[in-house]
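**Q** Residues per chain are reported as follows:
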Amino acid sequence: MSLLVITVGLFSLGLYGVLTRRDLVAILASIEVMLGSATLLLVGLAAVGTPMGSHEGAVEATGVMVIVLAAAEAAVGLALVISVARRFKTTRVDELTEVKG
Amino acid sequence: MTLESVVFAILGVVAVSGGVVTVFARDVSRMAMGLGAFLVAVAGFFVYWGATFLGVVQLFVYIGGVLVLMIFAIMLVHRSPDGSPLLETRHDVAALAVAGGLFFLVVASLLDVVPDSVDQGIASGPAELNEAFLGPMLTHFEMGGVLLLAVLVAVVVILGGDER
Amino acid sequence: MSAFLDLGWSVVLLPLALAVVVAFSGRLLGRLAPAVAIIAPLWVLAYGVLSLVDGVHGSSRAGSVEWLTPGGPGSLTVGWAVDGLTAVMLVVVGLVATLVVLFSVGYMHGEGGLPRYFAALCLFTAAMSMLVVADGFVGLFIGWELVGACSYLLIGFWFTRPAAANAAVKAFLTTRVGDVGLFLALALLWREVGDLSYAAVFAAAPSLPAATVTAASLLLLVGAVGKSAQFPLQIWLPDAMEGPTPVSALIHAATMVAAGVFLIARAWPLFSLSAAALTVTLAIGGLTAVGAAAAALAQTDIKKVLAYSTISQLGFMFAALGVGAWGAAVFHLVTHAVFKALLFLGSGSVIHGSGTQELEEMGGLFRKMPVTGATWLVGAGALAGLPPLAGFFSKDEILHDVAGAEPLWAIILFGASLMTAFYVARTTRLAFFDSYRGDGHPHEGGWSMRLPLIVLATLAVGVGFAGSWLAETVGAHHGTLDLAVAAGSTLLALIGLFAGWKAAGTHHPVFARPPFARLAPLMRAGWGADALVERVIIGPVAGFSRVLYGFVDRKVVDGIAEGAVPLARGLGRAFATLQSGDAQWYATMLGAGAVALLALVSYLGRGL
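Chains as they are written, first to last, in this note's numbering: chain A, 1 to 101; chain B, 1 to 164; chain C, 1 to 608.
FYI, nobody ran anything at the bench for these hints, they're computed from the structure.
Each hint should be verified, as a subset may be incorrect.
[Said to hold, decoys possible] From the structure, some residues in chain A lie toward chain C, with a derived Cβ separation under 8 Å:
no.	residue
1	Leu15
2	Val18
3	Leu19
4	Thr20
5	Val93
[As the list claims (entries may be wrong)] Below, a sample of chain B positions facing chain C; criterion: calculated Cβ distance under 8 Å:
no.	residue
6	Asp92
7	Ala94
8	Ala95
9	Ala97
10	Val98
11	Gly101
12	Leu102
13	Leu105
14	Ser109
[Unchecked claim] Some residues of chain B that are not near chain C, with every Cβ distance over 12 Å (derived):
no.	residue
15	Thr2
16	Arg30
17	Val106
18	Gly125
19	His140
Idealized CB from N, CA, C, for every residue including glycine.
Using the sequences plus the hints, can you model the full thing?
**A** See below:
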């Protein structure tokens, strides 16, 4: 129960951040929180004995995959942020929606 | 009040505070530190549950890679004119409703599924991981490799473009 | 020659075709249009005459076509059959229509829209032929409705005049009320008999329940009352005088208004079985005869005199029907067609020549328009019932038959005859004698207007003697001349003529002495029938319409229609905020949708 609250709570927190933050980097950071908390839930469920999956190592492997994906996403995302910042001289979401390329 | 529950509690607190700081911090560096704390706590959880290898991977990749990358990006991007708060949050009832709604929904749905028993931990290690990746999750493994290659190319393309 | 007679449909189709031709190429034909148009009634006349010559006692040539098969008993057939009654009617219609078309050449000279006029006359001829030639109620009904439509078209010929347009609508609506009755009668007969052809209905009539027979007969009577402008549906005929005078002569004197009488005569095998219907017919006829005659006494417009006179004479015919003397009614129908058409065309000549319809502005026209004057005198005498003119014989037969059955009503009819003579004399003197009171240059019309008058005057003299032949042809009983009735009616006619003549000489077209002075305006207004209708029917309906318009239409309907705009704008504005261009807002909405869906699924499915 506490596992659920912590994990899902962190996920919701991250979601709120994604929907609410005004800076591109901050949004990316919130996404990381979401990803992390999701992985946490996955592994945690396995840890408390929720029956899932076939193979013993599947849970850890899945966790590794999530981390890989998160890293990939962060890399591309940050590259985009830097590109945007170079072009428009700002990373604030408010300003970015007004500008027409 | 076992050792385990204490550890669990500490990890939980650190994780949650880290998350809160990440989402609500006004200052970039504070946010980065919050994120870092959160990620460390997650790694701690992994180790606590017996997924040691995973915890180590988390530390290396996330913190050593992603977080460092983020800090580099921040330094490259953020030029703050005379210390005004850089990060704003547009607090929004709708977003709160969505996040809150999702929270309650998922918790309510998963409550029956999650047994309240004591953590048993995961009995796995690098060996099982290998078996998984070269067995049922072979495709995932290969695709992961392809993905990383693509990301590499993508980043070069995005950042190597004209600076005009 | 018999081969021609097999083409029974031709009396309908040829005029119909000519109507179309004249309507669409009238301008092309120009002055030839009436020449083309006149072929229609001529053919009808020829066909009727040929049929009579060929001998149509009771037998008939026929042909029929199955038209509709509505769910229910049998099917509706439309066909034609010519017997004595039909042939006589064809002759009447053809003759008067031909003369009217001829007359119109002179009368309507210079008017606009003539192709429409002559086409409508052709159409009317076709419709009237259909009505009389039909072998069943379906064909009759089609013709019935069509003559009503033509009447509308022709009364409202000068439709730019509001009075004319209103009169046309009034005529149509009033006869429509009657038509509803007719339709209900047909529906009833259809249900009970299953076949609306005359043969079937008349064969089944004796075995139908009495209630059905009476109901159907009464409903037929309603239709006849509407078409023949009897009480209480008489209000349209005086107003119909707004149409061109030749139209009044054809439709509202000789043919269409006679259709009501024809209907009952045609349906006699059924109608005669209902004593109740006969009694009502007699009452309506008698009442109308005397009421309309009284109204005619006080009119100042020559056409209105003739209009009320027509209503009154039709009342005589209805009264005859009411006592079972349908032969006498048909006889009077024929003679009336002749002399009333004569009088109307005569009045047309007067109007054309002196430029006015008001009796006050006429006078002394006999000297200025001798042909018109002389023929008018013949017609007037026939109307008053002076021997040996046509009207004498037919009216006397009616009086004799009514006296034999219902003496009380006979007295009323005698009174109407007295009044008839009175208004005839009055009108004649005011228009044709004494000195001219107007300020125009009255003159006789051309030969196209004089010839019809002469023809009709000749017939008005001679037709009276054809009484027994007519009765034999149509298959009715013909009574011999009753000297008592003849003497009595002639005496009354002379008294009435004398009194009317005297009344017209007092230099006041209306009665100056009380109590008539007070009554006269009321009588002139047709005993206030129009005012009554206005108060009882039109007033409430108009009031209701006003409410409907003011409230329902303006506030509710317009409110909804106009309210749609601010509503749409408001909604648009509301929804526009969703399109903020803010990606995070979109994402929030996305999330909201997803959460809602998830909630829905989990609460409906109890678990994901």
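**Q** Are the hints correct? Go through all of them and say.
**A** Against the structure, the hints come out as follows:
{"no.": "1", "hint": "Leu15", "verdict": "holds, 7 Å"}
{"no.": "2", "hint": "Val18", "verdict": "holds, 7 Å"}
{"no.": "3", "hint": "Leu19", "verdict": "holds, 5 Å"}
{"no.": "4", "hint": "Thr20", "verdict": "holds, 7 Å"}
{"no.": "5", "hint": "Val93", "verdict": "holds, 7 Å"}
{"no.": "6", "hint": "Asp92", "verdict": "holds, 7 Å"}
{"no.": "7", "hint": "Ala94", "verdict": "holds, 5 Å"}
{"no.": "8", "hint": "Ala95", "verdict": "holds, 5 Å"}
{"no.": "9", "hint": "Ala97", "verdict": "holds, 7 Å"}
{"no.": "10", "hint": "Val98", "verdict": "holds, 4 Å"}
{"no.": "11", "hint": "Gly101", "verdict": "holds, 4 Å"}
{"no.": "12", "hint": "Leu102", "verdict": "holds, 5 Å"}
{"no.": "13", "hint": "Leu105", "verdict": "holds, 5 Å"}
{"no.": "14", "hint": "Ser109", "verdict": "holds, 6 Å"}
{"no.": "15", "hint": "Thr2", "verdict": "holds, 33 Å"}
{"no.": "16", "hint": "Arg30", "verdict": "holds, 21 Å"}
{"no.": "17", "hint": "Val106", "verdict": "violated, 8 Å"}
{"no.": "18", "hint": "Gly125", "verdict": "holds, 32 Å"}
{"no.": "19", "hint": "His140", "verdict": "holds, 24 Å"}
In summary, the structure is inconsistent with hint 17 from the numbered list given earlier, while agreeing with all the others.
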